[in-house]
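Protein chains: 2
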Amino acid sequence: MGGDNSPDKTIEGVKIFLNKYKSLDDFELKLYGDKNKIYEKLVQYKVSNKFINIIHTKSVVADNETPLTAIKNSKNTSMWNCIKSQIEGESDISLSAGNTGVLLVVSRMILKMIDKVSKPALAGLWPNKKGMNVVLDLGANIECNDRNLIDFAEMGSALYKSLFPKDQPIVALLNVGSEEIKGTEILKIAYKKLRELSGENNFNFNGYIEGTRIMSGDSNVIVTDGFTGNIALKTAEGTAKFITDNLKKSLQKNLFSKISILFSYFSLKSFKEKLDPRKYNGAIFLGLNGPVVKSHGGTDAVGFFYSIDLCYKIVKGNLMQQIKNNLDHLNENQE
Amino acid sequence: MGGDNSPDKTIEGVKIFLNKYKSLDDFELKLYGDKNKIYEKLVQYKVSNKFINIIHTKSVVADNETPLTAIKNSKNTSMWNCIKSQIEGESDISLSAGNTGVLLVVSRMILKMIDKVSKPALAGLWPNKKGMNVVLDLGANIECNDRNLIDFAEMGSALYKSLFPKDQPIVALLNVGSEEIKGTEILKIAYKKLRELSGENNFNFNGYIEGTRIMSGDSNVIVTDGFTGNIALKTAEGTAKFITDNLKKSLQKNLFSKISILFSYFSLKSFKEKLDPRKYNGAIFLGLNGPVVKSHGGTDAVGFFYSIDLCYKIVKGNLMQQIKNNLDHLNENQE
Chain B
0 MGGDNSPDKT
10 IEGVKIFLNK
20 YKSLDDFELK
30 LYGDKNKIYE
40 KLVQYKVSNK
50 FINIIHTKSV
60 VADNETPLTA
70 IKNSKNTSMW
80 NCIKSQIEGE
90 SDISLSAGNT
100 GVLLVVSRMI
110 LKMIDKVSKP
120 ALAGLWPNKK
130 GMNVVLDLGA
140 NIECNDRNLI
150 DFAEMGSALY
160 KSLFPKDQPI
170 VALLNVGSEE
180 IKGTEILKIA
190 YKKLRELSGE
200 NNFNFNGYIE
210 GTRIMSGDSN
220 VIVTDGFTGN
230 IALKTAEGTA
240 KFITDNLKKS
250 LQKNLFSKIS
260 ILFSYFSLKS
270 FKEKLDPRKY
280 NGAIFLGLNG
290 PVVKSHGGTD
300 AVGFFYSIDL
310 CYKIVKGNLM
320 QQIKNNLDHL
330 NENQE
Chain E
0 MGGDNSPDKT
10 IEGVKIFLNK
20 YKSLDDFELK
30 LYGDKNKIYE
40 KLVQYKVSNK
50 FINIIHTKSV
60 VADNETPLTA
70 IKNSKNTSMW
80 NCIKSQIEGE
90 SDISLSAGNT
100 GVLLVVSRMI
110 LKMIDKVSKP
120 ALAGLWPNKK
130 GMNVVLDLGA
140 NIECNDRNLI
150 DFAEMGSALY
160 KSLFPKDQPI
170 VALLNVGSEE
180 IKGTEILKIA
190 YKKLRELSGE
200 NNFNFNGYIE
210 GTRIMSGDSN
220 VIVTDGFTGN
230 IALKTAEGTA
240 KFITDNLKKS
250 LQKNLFSKIS
260 ILFSYFSLKS
270 FKEKLDPRKY
280 NGAIFLGLNG
290 PVVKSHGGTD
300 AVGFFYSIDL
310 CYKIVKGNLM
320 QQIKNNLDHL
330 NENQE
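Respectively, the protein sequence lines represent chains B and E. Residue numbers are given in numbering that gives the first Met the number 0: position 132 of the first sequence equals residue 131, and the series is strictly consecutive. Residue numbers are given in numbering that gives the first Met the number 0: position 186 of the second sequence equals residue 185, and the series is strictly consecutive.
Looking at chain B on its own, in the form it has when it is part of the complex (with noise of 0.2 Å):
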């Protein structure tokens, strides 16, 4: 229910997933809300509910709902009653749209951490030259230590590992450079640590990285923490913001640039298909025990359509076995 323009975008994203995994059966999606809402959304979208279980609920968490008062008012809300559903055994991963804060702090009072992780963390995909990065914390944590950045690490390897098997977690600590002087005191504590755990079991650690490496593809698990990481996430989407509209405005700018735009067509529609930010939709909580993905409010249906699509990735990738097996190779290193 949460989320500019809901549920429509969700439905009809809903439908875009299941039009992609036609040939699978692998999977149910439950749809927590306002049932009469969502069966005429449902029917207005002509989305088959073969795979669809509708489960009813009176209310919603309201958009200005605060992180303080949703411990009070959230219960029985259709993000309640979704996130309850995983520690019931009911589903394997939630999904929402709606209020980031009050869905932290709601998530985290249900499933509650897990043993022996310190912070749980925020994390996202960026794109970088060679394929995806995982990039945590994004927000969760504005003040963080070394042991935090190492639990970071290793959840973030997981996450990575439970989307891409095929590829091995190349694990880098966001600084003001590389040089091994560089930075302060809780990041040069991190990375004698993650040096001393990395290995072929579990990722490769590539020291510090600045900001302009951060997607030249060399690393593609960004360890940071959720101050800076929230900055630069933000100040990416800003420069890219920036540089496109640039780019449409000397596109339009006289007639010549306008025919431009014809021939350009094909070729900047391959670009913008490759930067489109829905691609990424989908920040996710980790150190919980289940996962829980943040769908941004202001996506459309084919933004609602990634996220679904990562929490089905990531539920086949078996993200939760993932962490737990970090963190019993974290464990026994620091014994």
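Do not take every clue at face value.
Unchecked claim - With a straight-line cut-off of 20 Å between C-alpha atoms, the simulated SDA-like cross-links for lysine to any residue are:
id : chain 1 : residue 1 : chain 2 : residue 2
1  : E       : K247      : B       : D275
2  : B       : K240      : E       : K129
3  : E       : K247      : B       : A239
4  : E       : K165      : E       : N317
5  : E       : K181      : B       : K240
6  : B       : K129      : E       : L67
7  : E       : K83       : E       : A61
8  : B       : K83       : B       : K111
9  : B       : K19       : B       : K49
10 : E       : K187      : E       : S117
11 : B       : K240      : E       : L67
12 : E       : K74       : E       : T99
13 : B       : K248      : E       : K129
14 : B       : K323      : B       : I169
15 : B       : K187      : B       : D145
16 : B       : K118      : E       : G182
17 : E       : K21       : E       : K315
18 : B       : K181      : E       : L67
19 : E       : K29       : E       : I53
20 : E       : K129      : B       : L250
Treat the hints as calculated values from the structure; they're not laboratory data.
Given the structure of chain B, go ahead and fit chain E onto it with the hints provided.
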């Protein structure tokens, strides 16, 4: 003498500068370094020596010099003598494309910090939708307290006023959200203090901004700690490179798109010009008893020209007086 391909690029940069300011005679350029090499290049690039004064120095700061060893080894190098000329009243500003770490240490040793400034900062120019931002700190201090951030706001506003005398500086604090409750304790204290300092004779304080809004043009003096500022700047650089590389690749994909390059040539030219990083070349070291500008070591003659131009504007805009005014205003408000 510093940076890649020097003194070729420095001398060619000087030539571009002299051509631009042909009608003016209110400046002198002192060139510190090997006089034979400099003279040879002045002849090679046919640079008139009317406004040029060569000051011979036997040694230069090596690329591999660290800030720690520089204190011993940098005396009487071109960099040292150049900055020294400021306290001797021989020059108003120093510009170098050499070793950044050494430049910061040597500048601080020779020029000393301004009384009552808590920490010096490295400020840079960054394009926004309406014109230009001043962003600081870009990496001089990886850890900052609220006092430092307030000093950065005052000094950054002074720099903005000296460069863009017709505009009012609008200060924003970089944060993970725009609501007052977001961010670290340090940011919250700085926020309160900046709101008190905000006013017509100083700067307007625009509150917190997220990374997405750095380039929106709503604010033009972006204040943050050196760790975050460095990551944000370099992430923006990396994102810009990723996007333009992808654009180039898409445009060169097939014959059809190759033809489109011809048609797009003029529109993409204006796009490229607007985003040319050489236009923003030059980081300004603020908080010392004299301004020092660091050109990117890897820039070319055009980039170096923009740094000389920046120096000229800083001196004409009376940066040191603007900083003094702002600090006086700050001290009055703290009494």
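Note to self: When the structure is checked against the list of hints, which entries are broken? Sort them ascending.
What the structure shows: 5, 6, 11
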